[in-house]
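There are 2 protein chains.
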Amino acid sequence: MTSDEYRILRETDLRDYLAQLPAIACQLGGAPASWSISEVGDGNLNLVFIVRGGAGSIAVKQALPYVRLVGESWPLPLSRSHYEHLALTHQARLAPGLVPAVLHHDEALALIAMEFLEPHIIMRKGLVGGTTYPRFVDDITTFLARTLFLSSDLAVPAAEKKQGIAAFAGNHALCKITEDLIFTDPYRIVEQNRWTSPWLDTTAARFRGDLDLHVAVSRLKLKFMAAPEALIHGDLHTGSIMVTERETQVIDPEFAFYGPMGFDIGAVIGNLLMGYLASSGHETSPGDRRTFEAWLLETVESVWTEFARKFVELWRTEAKGDGYPPTLFAGANGAARLDAERQAYMAQLFCDTVGFAAAKIIRRILGLAHNIDFELIDDPKRRAICEARSLRLARAMLVDAASFASIGAVTNAAREVRDWDPDFGA
Amino acid sequence: MTSDEYRILRETDLRDYLAQLPAIACQLGGAPASWSISEVGDGNLNLVFIVRGGAGSIAVKQALPYVRLVGESWPLPLSRSHYEHLALTHQARLAPGLVPAVLHHDEALALIAMEFLEPHIIMRKGLVGGTTYPRFVDDITTFLARTLFLSSDLAVPAAEKKQGIAAFAGNHALCKITEDLIFTDPYRIVEQNRWTSPWLDTTAARFRGDLDLHVAVSRLKLKFMAAPEALIHGDLHTGSIMVTERETQVIDPEFAFYGPMGFDIGAVIGNLLMGYLASSGHETSPGDRRTFEAWLLETVESVWTEFARKFVELWRTEAKGDGYPPTLFAGANGAARLDAERQAYMAQLFCDTVGFAAAKIIRRILGLAHNIDFELIDDPKRRAICEARSLRLARAMLVDAASFASIGAVTNAAREVRDWDPDFGA
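Protein sequence lines correspond, in order, to chains A and B.
To convert, note that position 312 of the first sequence is 312 in our numbering; the numbers rise steadily by one, no gaps.
To convert, note that position 276 of the second sequence is 276 in our numbering; the numbers rise steadily by one, no gaps.
Careful: at least some of the hints might be erroneous.
Copies of the same chain are indistinguishable here, so a pair counts whether it falls within one copy or spans any two.
[As the list claims (entries may be wrong)] Dumping the calculated EDC-like pairs for lysine to aspartate or glutamate here, alpha-carbon to alpha-carbon at most 20 Å:
1) K320 <-> D288
2) K176 <-> D423
3) K223 <-> E107
4) K223 <-> D400
5) K176 <-> E160
6) K223 <-> D352
7) K320 <-> E72
Hints are computed from structural coordinates only; laboratory data are not their basis.
Bear in mind that the values here come from a model prediction, so they are computed numbers and not experimental data.
Pulled out of the complex, with its shape left as it was, chain A reads as follows:
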C-alpha cells in the first residue's frame, strides 16, 4: 500500500513498500525477497538506502523528523523532502543530465527514490584520495550557470519568479540551519562548536572577538536572507557532488530556496580550497600530492572563469526575464554598454562568491559540521596546521572580499598560505 502517514522505514518496511510500486519493482527485477537493501547514509540529516535487485539498483532517501547528526533533540521538518523533490525536478529541467533522475516521490513518507549512481563516489572522498576529475569543471559550471541564470530575473518573467520564491519560502527551517551554523555560530560561544584543540583554541577565540569578521559575516547573512536572486542548491559542497572520471551529478538539494547566487558558487570554490589546503595533511611523502594540488587550484580558477563565461553567454542568448530589458540597450552602443554592465554584474557576483566561500570554510573548522578533508588527517597537530592555513585565507577573503580582483588573486593567496607555518608555539 501507499502510506499516507509518515513512519521511519526499516529495511523490511522498505522492501514491502517498493514491491508494490510496479515501475520500481520492474526496474529492480527479480523477487522482492532477493533485493539487497543497505542503509548507507553518511550525511547529517537523512536515511539513504541502496536497493539492489536482479536487474538494477536504486537509491532511496528518506527524511528523518530530526537532524541525524544530532538526534531527536533537534527536530527538523519532513517538508524538506518536498523541497528537495521540487528542486531536483527543476534542476533536471534546467541542467539535464547533471542531477539524478527521480523515480518516485512519496510526500507523506518524505521519501524520494532515484537513480542509483554507480560507480560514482562522493567527490570529497575522491579529493581526499588525491583523485582528479577531468569532467568536473565543465559539468559543475554548466550546472551553476544554467540553474542560476535560468531561475533569475534575467531569464524569468517577474511574476513567475515571484511564484518560485513563494514556492520555496516554506523551506525556512533548512535556511535557518544555514543562517545559524554558517553565518552566526562559528563566531560566538555555542556548545556544539568544535575545533582541533588545543592548537586552534587561540584562533577560535580570536575569531569570536574579531569585529571585522562579525560585520562581514553579518552582511553576508543579511544577503542570504533577503536576496532571492535565483533558485540556489543551498548546500553545494563537494559532499553533494558525485563523480566519476566521466560524469558529475549534483545531489541533495534539500536546502534549496531563492537566495544569492554567490552562495552556491562560493560553496564549490570554498570546498575546493579546503581540499587544496587539506591535501598536504594526506601526503605519504613530502610533496607527493603537488600535481593534484596544482590541478585543484586550476580547477578553482576554471570554476569561476567557465561559470562566468557560460553565465554571460546565457545572458546574451536567453535573456527572457524582466531584468535589463533589451529595449533599453538597443543598437550597437546599447549592446556594448550592456556587455560592460554584464561585466560589472559579474564583478559584484565574484565579490559575493569570495565572501561566501570564506564563510563556508570557517564553519567547517570552527562550527558544528566538519568535513573529512580535515577529519581524516589523523595527526591532530598536522590537521590543525592545514585548518589554521584555511582560516587565515578565509579571514582575508571574508573581511576584504573586494580586494580579490580576480580568481587568480584567490588562488595566489591560497598558494601563499599553503606554505605558511602557523607556529603554534612550543
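Based on the hints, put chain B in the right spot on chain A.
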C-alpha cells in the same frame, strides 16, 4: 446579502449591500435611503465611494478588474484588494494611528470599507495650493521607520519574514505595473508615454538614448524585483497621503509587497521634490511661494534625517530579527562597531533612496501617469520649465546617486536647479 460573486457596485447596489452590515449601518445611522453616496475616485485604479449617514461617514473602495485610468483593455486582478487589506491591517499594527481603520472587508467583492478621513485632503492637492503641514515630518517618518524596520530581518525572525514574503508574492501584477511604468517605459518608445510637447521632446528623446540612465534604472529595477528587505507600501507618493494640519494618514497600499525600503522613502522624497520644483509654476506673483518652498526643502531634509534617526533607534531597541545577531556584537567594542555598521547601512539605504526618488520623478514627467503638481500649471511652457528642472535634478540623482553624500546635497542640488533656465530655444 453578502455576495460571494464579484460585480461592480453602483450606488444603489452599494446602499443595499451596506444596509445589511449591522456595524456599518449603525455607524452611518438613520435609514439607508437617507444615506448620500458619491463616487469620488480620482486615482488610477479603483472606485471610491463616500457614504454619509445621519451619524457618520465611511469610505468604500472597490477594485475594478481593469486599470481605471486606461480602461478594460488593461485588465488588473481584483486580488489587489486582498493585498491592500493585508497591508492595511499590518500597517495598523506597526504604525497605529497612521492608516485609516478598516471597518469591513469583502474579499469576493474586492471591497474595503474604512474610516472616512475628514477634513483631510490629499497632500498633493495641499502642496499645489502652497499649504504647509507641521505634523507631516514626524508622522511620515514614524510610519516609514516603523513599517520598514519592524517588517525587516532586523526585527523579525527569518521564518516569519519568509512567510511574509510568500504572503505578498501573489501581488505580482501590481509589482509589474511598477516594473514597467517606473523602471522601463519612460526610457523607451511606448505609445502610452506622454510629456509636455514640444518643449520636452528633446529631453525625452535624450533620456531614451541615455545609456548611463538605462544602466542606473535597470540596477534599481533588479533591486526592486529581488530585494525583499521589508513590507513596503509600494506607492507612497503625496497622492497616497491624506493630511490636515494636525494629522497624517497613509492610504492605498495595494502595491504592497516585500521590496527595497528605499523605494518607499524615495517615493516620499521624490514627490516632495516635484512639489518644490512645480511650485514656481503656481506663483501668482514672482516669489510669492518662497516661504512654502523653503518649508518643502526643510521637509525633504527632515524626512530623511528623522527617518534615519527613528530607524536606528528602533534597531537599538527592537532588534529581534536574525540580522546582525547581538551576540556577535557584545561588550562596549561590539556595541560601538555595530553602531558604526548601522551608519554604513543607512548610507547604503540613503543611496538607494536617492536613486528611487529620481526614478519616481522621471516617470511622472515622461511616462504614463502624471501628477497635478505639474498638470495644474496651465501654461504648458511654464509647466515644461518646471518639469525640465525636475528631470535635470532626477538624472543627476539617478546616474550618480552615490555622489550625494547627504540629504543636504540633494536639497542643494534642488535649490540650484530651481533657478536654472532650460532654454528651450526661441
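key: 20 Å Cα threshold - placement of D352 relative to K223   = The answer is both: 9 Å in one copy and 16 Å across copies each meet 20 Å.
inquiry  = At most 20 Å between alpha carbons: which applies to K223 and D400, within, between, both or neither?
reply    = Close inside one copy (16 Å), not across copies (24 Å); limit 20 Å.
ask   = For the identical chains here, do K223 and E107 meet the 20 Å Cα criterion within one copy, between copies, both, or neither?
value = Neither, since 31 Å and 35 Å both go past 20 Å.
request  = Go through the copies and call it for K176 and D423: within, between, both or neither, with a Cα cutoff of 20 Å.
outcome  = neither (36 Å within a copy, 58 Å between copies)
message = Cα distance capped at 20 Å. Does K176 pair with E160 within a copy, between copies, both, or neither?
response = between (25 Å within a copy, 11 Å between copies)
key: Homomeric proximity label, K320 with E72: Cα distance no greater than 20 Å   = neither (46 Å within a copy, 27 Å between copies)
query = Taking 20 Å as the upper bound on the Cα-Cα distance, should K320 and D288 be classified as within, between, both, or neither?
reply = neither (49 Å within a copy, 52 Å between copies)
Figure legend: structure checked against the earlier numbered hints; hints not met, in rising order: 1, 2, 3 and 7.
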